[in-house]
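Colleague: Mind docking chain B on chain A? Use the hints.
Chains as they are written, first to last, in my numbering: chain A, 1 to 222; chain B, 1001 to 1222.
Keep in mind the hints are simulated off the structure, nothing from the lab.
Backbone N, C-alpha and C define an ideal beta-carbon position, used for all residues, glycine too.
There may be inaccurate statements among the hints.
Cβ-to-Cβ under 7 Å is the rule here; a few derived chain A residues that face chain B [as the list claims (entries may be wrong)]:
| id | residue |
| --- | --- |
| 1 | 60 |
| 2 | 64 |
| 3 | 73 |
| 4 | 77 |
| 5 | 108 |
| 6 | 145 |
| 7 | 152 |
Spelled out from the first residue to the last, the chains are:
Number of protein chains: 2
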Amino acid sequence: MKALVLSSGGVDSTTLLAIACDRYGAENVISLSVYYGQKHSKELEAAAKVADYYGVRHMTSDLSEVFSSSDCTLLKGRGDIPHESYAEQLKKTGGSPVSTYVPFRNGLFLAAAASCALSEGCSVVMYGAHADDAAGNAYPDCSEEFVESMGRAISLGTGGELTLEAPFVRMDKSQVVAKGVALKVPYELTWSCYEGGDTPCLKCATCLDRIAAFRANGLMIN
Amino acid sequence: MKALVLSSGGVDSTTLLAIACDRYGAENVISLSVYYGQKHSKELEAAAKVADYYGVRHMTSDLSEVFSSSDCTLLKGRGDIPHESYAEQLKKTGGSPVSTYVPFRNGLFLAAAASCALSEGCSVVMYGAHADDAAGNAYPDCSEEFVESMGRAISLGTGGELTLEAPFVRMDKSQVVAKGVALKVPYELTWSCYEGGDTPCLKCATCLDRIAAFRANGLMIN
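Pulled out of the complex, with its shape left as it was, chain A reads as follows:
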């Protein structure tokens, strides 16, 4: 059985890759990373390093053209990334998605993952969405309801050839890291920060979430 893991080079998808390798064997796992016009290349570099560490095949896809009209702050040439937590941002948006929400990005990535997976003879697509990202509607394409519908669409639209697995969808990030710690995930190879500096900014929402999840598991890295 072959599996394709949607991999951003961050904490969650790297933990998922570890689970996939543990379950299916690295030779049966493909890592897929997408360039979508993000401000920097740190994520993709981290995803390549992680794939190399686990000895899995790493595929990349450039879907940036799809977001050429978007004003999302995660994209190159758009506005500044907020330096505050998701909770603080959601107070301002009034429950609408945050400014770093890329329009239906994860829906597009999952669809592309399904197309690739089918071409490569995989029967499983794995997705690292977790409950913290969906909380308060910050990223609606991380919610359990979305994952369930998208999984059904993928299964039906491929004639039953593919299944979507998202084992973290009810977990918070610290629970994801706990899984990773048990599997000795090399978190030092991962990158989460939305800014593209030499070191993480430690101020954007994803840096704050990452540090909190590490600290909750006794990891004193950033």
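Modeller: Leaving out everything else, chain B in the frame of chain A:
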């Protein structure tokens, strides 16, 4: 209210574009066509002509990289397109998708359409799938169940900002053409044939379906 119509330059999506213009006004309609590595450019040329006829903005997107590993016969450099009806092909596949099924193509197109639509301030994505294409599992990503799930995923994954409409999902192709005839759709501008010749081959499954739907409505064009 703005709508984005997924447009292939064929009979079904052109009829849908006519309905969208009739309902929302051409100035509020965007046509999106996708290059996915198909053997010829006739479809995209037809989509551009149709958009021009209706005076709607025409966007294109190149997602061909996603299908680089696929062996689908619709793609450039792959095997020959079958010159027989879908019913004959399905007898051979035993109910599996036909060789012109592009892996989860319509799932990917709908996800890309959702991303574009959200960036462009649309609240509706329109999709021309109809019951003939889904029959016998020839194209599972045209089935009513798939459309329903994908529509739910799009609505949930965009925080309720977008709705998917697929008004033909329970119609056969002759019923679609009947709608188009009532709206005076310029079917002479459309292209359906999977081959890229100067004129339609009249032998591939989509040519056969097109002719049958036209004849059922008294249209003596090909």
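Colleague: Look at each hint and say if it fits the structure.
Modeller: Here's how the hints hold up against the structure:
1. Interface restraint check for residue 60 of chain A: the shortest CB-CB distance to chain B comes to about 9 Å, outside 7 Å, so the restraint is violated.
2. Annotation: interface hint on residue 64 of chain A violated; nearest CB of chain B at approximately 11 Å, more than 7 Å.
3. Interface hint at residue 73 of chain A: violated, since its Cβ lies 13 Å from the closest Cβ of chain B, which is beyond the 7 Å cut-off.
4. At a threshold of 7 Å, the smallest CB-CB gap from residue 77 of chain A to chain B is about 14 Å, leaving the interface hint violated.
5. Given the 7 Å rule on beta carbons, the hint for residue 108 of chain A holds: about 4 Å separates it from the nearest Cβ of chain B.
6. Proximity of residue 145 of chain A to chain B holds as hinted, the smallest CB-CB distance being about 5 Å (cut-off 7 Å).
7. Taken as an interface hint, residue 152 of chain A checks out: its beta carbon lies about 4 Å from the nearest beta carbon of chain B, inside 7 Å.
Taken one by one, the earlier hints fail for this structure at numbers 1, 2, 3, 4, listed in ascending order.
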